[in-house]
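The task is to assemble the complex, starting from two chains supplied on their own in separate frames and drawing on the hints.
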Amino acid sequence: MIHIKSSKAIKNLSINSLKMNKTRNIIAIIAISLTALLFTTLFTMGLGTMESLQRATMRQAGGDGHATLKYLTDEEFEHIKSHPLIKEIAYERILCKKVTNPEFSKRHAEFWYYDDIGMNLGFIELEDGHKPAAYNEVIVDSTTLQLLGVPLKVGAQLSLKLDIDGKEVQRDFILSGWWKSDPVFNVGLIFASKTYIDTYADELNSTYKQDYDPTGTVSAILLFGNSLDLQGKLNKVITESGYSLDKTSPDYLDGNVNWSYLSTNFILDTGTVLALVAALLLVTFTGYLIIYNIFQISVMRDIRFYGLLKTIGTSSGQIRRIIRRQALLLSLLGVPLGLLTGFFIGKSLVPFLMNNSVYAKAELHVSPSPWIFICSGLFAVITVIISTYRPGKIASNVSPIEAVRYSDGGVKSLGRHMKKSANGGKMPLMARANLSRNKKRTALVVFSLSLSLVLLNTAFTLSQSMDMNRYLSHFNDTDFLIAHADYFQEDFTGSDNATTESYIQAVEEQPGFEEGGRLYSGSNVLTIESNNTNEGYEADARGNLPAVAFGLEDLPLHRLQLIDGELDFNKLASKRYILEGVPVDDNNNPEMEYSRFHVGEKITLHNYMGTIHDPLDQKYASNEFTVLGHVSIKATNSGTAAAAYATFYLPADLYKSLVQQPVVMSYAFNVSADHEASMENFLKQYTEIAEPMMHYKSKLIVRNEFKGLQTTVVVIGGTLSLILGLIGILNFANAMLTSILTRRQEFATLQSIGMTNKQLKTMLIYEGLYFVAGTIVCSILLGSLFSLIIARPLSHLMWFMSYNFIIWPLFAVLPILTVLGVVLPLVIYSLSGGKSIVEQLRSAE
Amino acid sequence: MQILETTNLKKIYGSGETAVHALDGINLKVENGEFVAIIGTSGSGKSTLLHMLGGLDRPSSGEVIVDGKNISSLKDEELTIFRRRKMGFVFQNYNLVPVLNVCENIVLPIELDGKQPDKSYLSRIVNTLGLDHKLYDLPSNLSGGQQQRVAIARALASKPAIILADEPTGNLDSKTSLDVMGLIKVSSQQFRQTIVIITHNEEIAQMADRIIRIEDGKMVSGENR
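Residue numbers (my numbering), protein chains in the order written: chain A, 1 to 845; chain B, 846 to 1070.
Calculated directly from the structure, the hints in this document are not laboratory data.
Treat the numbers as computed from the prediction; the structure is a model and nothing was measured.
Positions of the beta carbon are idealized from the N, C-alpha and C atoms, including for glycine.
Mixed in with the good hints, there may be bad ones.
[What the hints assert, rightly or not] Rough simulated footprint, nothing fancy, chain B against chain A, three-plus residues with beta-carbon under 8 Å:
#1 432–445
#2 749–755
#3 819–825
So that you can see chain B by itself, here it is in the shape it has in the complex (with noise of 0.2 Å):
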């Protein structure tokens, strides 16, 4: 079952002789449970690329289907919900918010969806990314690995239906990268959680199922399994 959909994906800024191509065409397709990483130089269009899959931004013309749904239909706030509840994020600087603790920060989508958190689940979770002694800590007090796993935490305490990851190991050193990688790669295994990683890094990108390369705008391979 395909988990996530694009058809004709463009995204173009400017207009006229200026006009850039960031996304020229792209058609995707990731299945339910997929590891995916993406792979491209910078410039590529890989982070439009992600930053249309997760709708923080709309696409020029083409369609995004998640779960069934085309959220390039939907309005400003329907797609702030929508993206609560389908979606997590990942990003290169951790971005949590320093004054909520690493337990507030896990489960601020859930709350701000006004819903109660899957205690068990959480545990889960935070046994997994190897939290558990430091659920209380300010993220000032965590190490980049650290707050990058919290992060990484927060994103799948929602369950959603795709994780996003942009450049997750981008602010870490190559041991902590491979560490968060291989928790990554955990995760998605034991959570059956559909991950789409963004990274210019060949060796962090080998460990995903699957490695689609962009250049230009374009899917140059890696289009479908």
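Bound-form chain A, shown alone (with noise of 0.2 Å):
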């Protein structure tokens, strides 16, 4: 069999065609990049908030190293090093127990060794100078620096207390080269040279296994070839360099995996995937509704092209081919159009995403990775060749004699062949059997342009179902909380980060402060005694387990919310009862499972009037009080970073005679609706200067912050609601393009019977706004639907919405779209025309 080179002539033959068609090419070329853009402004989108989310939390745990050996002595790391499945290894020495220079009471400073693959690890990145090289050279981070008051200039003196062996000792530093530091890892760092280990070698040898300090053991950090089974390959290297597992053993090498490997299969929950391929499946939809209807609309037109290829003989296969050809050439200009502006408009809109999480601060990497490229191309050249199939299949199996006869919207795809009306010549009726010419046609472009509008409405829809009542009333019961800055960390423990009173002074001093009440607590304080041993709280010598207890004046006292049991503050100032505080979700209910106590149960707490380094030897209160009722734990009135098998709840009065040291947590107080913003500002001066250890939190914080998040999800909803209401209304104008182009003979008719050109104008502007009219219409009822088999489940997943049926946005583009449904067809026509009748008329002969 002769196997012909037809491949060739098929090329010609697309190429040419191509030439034929240049308004639909550009038409074309724009559509498929959007899609592109849309592809790509998603995985943009949603990798670059992975990248920043992973690497946010790689610094949070200090480096991208896959495991840490600590406390090793400079034997035990050489041993370990050359292990086979190690791919790379940082050495790591602290020089110090502590560095006690006053300054790092707030921000903790530590005083290392980092060899070159550390620093690489710990993404340092000198800003300026070099790496230390002289025993006197240190390189510092920025933070540290400004803390000291040294100047961010190589070349600086900088003089550090050190806790060497327990004594303070005091050294003098050049600095050698300094880096910004990272926002989100909240220790300062200070390294020396290697020459400085040598000079200092005899106070670094470490004594960690005799006295647990920490001062000269080496941290080695490992890179394995890949992040699979950390813990395992951890494991496998200390006990296969002979070392153990077994706290006990006198071999014992105490090793982590970094755990920001471990979160990082965060974004893969079932929640995100479904979101991403739903967003993919819209954007495959919407890219089909316009490149769909731009090949359909260029073969109908072409049909008799084709018809007059398949007389001479060209096979449907090559006529599909040649239609998918073109398709493939118009894809390789649009689509690395829409890559390439598809990733900066998703890098621009990744910060949004990471506004409100807690990595707000971090700083945000979305790098070009190729994988964004790849996937979005592909999408889009997928999309491309679903879309065009169809119209291949149209053209290919045409007939020749057909293909003749076959004129667009003309008279077989008409359907019926009665119309029983009298009045059809009246311009909006005229201009609506034009729109049912072709049925599909219309609904598509109804169809693409309401996408974007149930998008913007759904978005819409999201951010005004937030509830900002019920987000403020989360996180603040009173007007201001004002507490240590560790607190709102999540770290208060006790008298080490207390709120002091010279603050609570200054702020009952303000105008306008109308009441405040302060909230005692404080870790391990109080234990309670319990039969039950196997919850995993570890017991005291007496076999008492760790409780919590906070103690509350008269404001946030009566503000408790209870839950059951009764709240009667005259039997709980009788010093003989106590309630017990229940955690509640996010949508406030109560989780019993988590209460320890019936209503009524006799409970008794012990206090430690001693030190914790002899158990047995303190003097030892106990209490006994029975439950009154249960309450809510919420995030303004609780916050005592220890582990507590239960929580209770007092009078202020009562816990401070339980315990030895009450310790002000926080302190609540309201301000009269006049001074809110003038308390504010004398918060934010006075703990910016006066006592920048104190931090406070605010209803207008919490409102920006809520604000912020309502923001994030108007703006990322907008955005992509307004490039897919561009591919609808290029949709639009296409279809608008076509039926005016293809009317040209019908529309000298209709002049040369005495239709005048306004006459004309007013049918083609009927005929734009029953595309608005449809739109409107279809986008009502889709983004009614929407709104309640999307919106609303999704805002009864989230505490702080309430669902709140809105439909308002569509109406407000109701102008816009009029506007359009008016200016593109007198726009196209005017465009189109120009030829006199004479001529059109002559044209279709």
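What follows is the structure, encoded as structure tokens:
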């Protein structure tokens, strides 16, 4: 059998017929690039957020090494480093127990030696200067330098107080370089040189195994071939190097894997995957709507050409290939254009996504990963191929004889023969009849325009369903809550980070102050007698479990939320009753399974009255209480960083009599409405200048957080619907252009029998307005449906949302749509016009 | 009474050496109620002449006077309105509006003028042309001859001063052509309608009251009655 090489002919035909369709090509390229743009935006946002989150967690963890072995001696390090599983290993040595300069009381600083690999893995990139070389050279992060009051200048002098072997030693250093502090990493770092280690070798001999002093111990950061089964690999390295995993063994090595790798799969939860798949489908569908439409129209217009090709012997497959080839050639231009613009749009949207996460302060990293472009490009091309499948089929199935008679929107596609009316000559009716010539295309255009509106409406529904009051009440009981900065980092422990009386006093003296109340608490203050020992809480020497209690002054006490039992302040004042705290979920429903005692049950609290080091020597006081009721533990009345078997609430006076050294955890207060702003300003200034360790939380801060959240939803939803909208408008313009071009001759007829230009334009405007009307009806229906079946369940999932049915965004864009419906047909008509009636009549013959 | 008159009508396409004289000084007079056929080979200028008469195109020089009005002096929009009141067109390819049914197509020029159609007059036209059973059909459901009859009805509906037909039988077989021509002739008599048709078919032309022959843009016979 002779195999004819037809590919060259096909290539020629595709390229030549491509050249014939300039207008279609431009529209198709725009459509394809918009589709690619949407895909890229999505992928960039997805991957960019993932990347930024992962990097942020890594930096919090202090580096991107896979695992760390801690408290090693030099010999142990040498022993381990050649293990075959280890791809890279960093050597890091801690040079003193503590840096004791008073400037570091708020933010600790550590004094280390890092080798080059260590600096790489720890993301240390010098802004200025060089790595330390001489024994008295150090490099330091910028925040630490600022705390010390040292200028960010190479060659600056600095003096460190080091705790070495329990003695404070002061040493002077020269700054050889500095780097910008990472805001998510809350510890200052000072690195000395290798020469420093050699110079002070004798004080760096590790005595960790005797007295747990880390000075001189080595931390090894390990990097394996990949990040799978890190714990297994770490264990293997330890055991195969001849060490033990058993804590009690003398050969025990302490190690842990980098938790940022463990938490990387967070992004792949079902919800995220579903959202991503839904978004991808939506984009594919949108792209399909327009690309299909464009090719379908152009195939219809060229149907005679394809009929001719068939007459002279082109096979169906070849015709399909011609069309697919054209589409791919157009993609060659459109896709890269979309990829590029999409990446930048996506990149600029990532900050909005990250804005409200814990990582808000983190530096954003959206690198142009090849995956973004590969995936988006692939999806775009697949969409193009799917979209051109049917038009290709139509063109390839046409019979040569039929093709000659085929005319778009003409005889055959009407599908009906009778029309019982006598006033179809009226402009609006004629316009409507014109739209029903190709019902499917009209539907596609209307649908494509509606999609963006529905998305817009959904975005607004979600943002409007966010309930500010719910959000506020979750974080704020009172207008303001002030405390030590650590408290707001969820790191309040006790007297180390108590709220100062001076701070409270300053606040009380402010104008507009109305009422306030202290909340007392602390960790390791109380224990409770319990028979329950298998709960995972470590009992103390007497067999008691840790408990946390909060002593509340009147304002916070009266704001407690009762779950069951009674909230009788007189009974509480009698010192015989206590309230048990029960955690609540995000929707404020109590999680009673965490309550330990029944209402009416008697409990015994003990308090330590000595040091923790000799547990049995402690004086020991016991108090018996009856549980009066259960109250909710809320963000505003809790916050002690300690594991507790049970949580209790008592009046402040009772609490103070119970513990030896009561500590103020926080102070809640209200101000008169007209002084909210001035109090806010005062607190801002006060916590910056007078007591920088103190911090505050106000309704205003929470309100801003909330607004930010709303903005995020609106900006992202809005941007995506804007792009979808552009696609819709393009589709509309394309449909309008085609219908005007194909009806040229009909227009000429109408004009020759006396239709004025004005009447013709009126008819076209009516057609445009019918599209708009259809779009509005369709998007109201779909928008309501979406609101009810997508947005409502979503709002129920989020505790701070209360579903709110809205449809006004649709009406808000109505004027824009109307203008489009009027202007677009007119512009297209005047652009396509210019020929005289005679010429237009002739062109048909 | 003359309903249509041209004086020294010229249409020149292009200029200088490549100038084509499509019409070269046509002086034509058509009486009220007359049925005139203009005949000529293709390229003789007969279609151009018809376009000039219908105000679809403007002459290079000379005048076209319809019902006493010099139409070359009218502005575009005025011309359109004049056309829909005073002229009816019948085209070779019928040019019906596909989304309107027969009845709507026929009254379209009247409605475009914002007027109410004369019902009894319309039913006479429809009966004469044998369209009374097809009033609510869409053009796609009609044969070529039927479509052309609708086009004739449309041209007659607004009681124009003159009907211009451009190869009205060009797309029809010979039997249907004669039927249609018969109907045109009957209409011209019954409704006292002035009709000018263009054709290259001698046999068709024979049915007219007068035959005007055009060659190379000039009238060669049939000047005036």
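(message) For the segment 819–825 of chain A, count the residues whose Cβ lies under 8 Å from any Cβ of chain B; is that count three or more?
(response) violated (count 0)
(message) When I compare C-beta atoms, does the segment 749–755 of chain A have three or more residues closer than 8 Å to chain B?
(response) holds (count 7)
(message) Please check whether the segment 432–445 of chain A has three or more residues whose CB lies within less than 8 Å of a CB on chain B.
(response) holds (count 4)
Of the hints listed earlier, the one the structure fails to meet is number 3.
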